[in-house]
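One line per chain: the protein sequences are A and B, in this order.
For the first sequence, the tail end lands on 115 under the working numbering, and the numbers increase by one without skipping.
For the second sequence, the tail end lands on 1111 under the working numbering, and the numbers increase by one without skipping.
Please note that the accuracy of each hint is not assured.
Said to hold, decoys possible - Under 7 Å between C-beta atoms, here's a sample of chain A residues computed to sit facing chain B:
1. Tyr32
2. Phe105
3. Thr107
Unchecked claim - Below, in silico cross-link-like pairs of lysine-lysine (BS3-like), each with a Cα-Cα straight-line distance of 27 Å or less:
4. Lys1071(B) - Lys1057(B)
5. Lys1057(B) - Lys1070(B)
6. Lys1003(B) - Lys1055(B)
7. Lys58(A) - Lys1003(B)
8. Lys1057(B) - Lys49(A)
9. Lys49(A) - Lys1003(B)
10. Lys1070(B) - Lys1018(B)
11. Lys1053(B) - Lys1070(B)
12. Lys1003(B) - Lys1057(B)
13. Lys49(A) - Lys1071(B)
No wet-lab data here; the hints were simulated from the structure.
Just so we're clear, the structure is a prediction, and the values are computed from it rather than from any experiment.
For every residue, glycine included, the Cβ atom is placed at its ideal position computed from N, Cα and C.
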Amino acid sequence: AQSVTQLGSHVSVSEGALVLLRCNYSSSVPPYLFWYVQYPNQGLQLLLKYTSAATLVKGINGFEAEFKKSETSFHLTKPSAHMSDAAEYFCAVSEVTGGGNKLTFGTGTQLKVEL
Amino acid sequence: DVKVTQSSRYLVKRTGEKVFLECVQDMDHENMFWYRQDPGLGLRLIYFSYDVKMKEKGDIPEGYSVSREKKERFSLILESASTNQTSMYLCASGSGNQPQHFGDGTRLSIL
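Okay, chain A solo, but in the shape it has when bound (with noise of 0.2 Å):
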């Protein structure tokens, strides 16, 4: 069985400052990873994605993931924080069974960002 591991449950950073989201993961075969965000009372957006092509992956509004297979990572950066970063980030990943693709999501890490 595949799982994810957030390490983090909150992360607070200033604006304009680094963020740095850490994932890890456990797959038997070539994963595919996702990055969601949360905002509050909303359903899940996504990110961006890993499907096995370039190891360096940008996505929406800044963000970008790296894949990197022997340390079974897949970390979200932004280089400069934004007060609109504050939200919730989940990172999963996809197991193929049956016909399609079931997700499997880390428990979450909560984005504060600070003035």
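Place chain B on chain A using the hints.
For chain B alone, kept in the frame of chain A given last:
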């Protein structure tokens, strides 16, 4: 844009009631999913469906059932609601290995 619509944003029901949560998608996706979201636990898969009238159990199916009579609609049923089913419920749809698209969620309270 893909639209996944959940019938209610907030719902309050009583213990023992039969509860229906409805989800409709407009992109002809073959796959549909129901998750529940609880603080500190992330999203956990309840049931999913790869085709009309097909369903498979996820990680936490106990106390729930589902129905998929039409491709665009996937219903989650709480047979006899209990207080431990108070949660945020999220529906998603997808195709193949493409990312899943999520609805805005239903916050369900069981009193």
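Against the structure, the hints:
no.	hint	in the structure
1	Tyr32	holds, 6 Å
2	Phe105	holds, 4 Å
3	Thr107	holds, 4 Å
4	Lys1071(B) - Lys1057(B)	holds, 18 Å
5	Lys1057(B) - Lys1070(B)	holds, 19 Å
6	Lys1003(B) - Lys1055(B)	holds, 22 Å
7	Lys58(A) - Lys1003(B)	holds, 24 Å
8	Lys1057(B) - Lys49(A)	holds, 25 Å
9	Lys49(A) - Lys1003(B)	holds, 19 Å
10	Lys1070(B) - Lys1018(B)	holds, 21 Å
11	Lys1053(B) - Lys1070(B)	holds, 8 Å
12	Lys1003(B) - Lys1057(B)	holds, 24 Å
13	Lys49(A) - Lys1071(B)	holds, 26 Å
When held up to the earlier numbered hints, the structure conflicts with none and fits them all.
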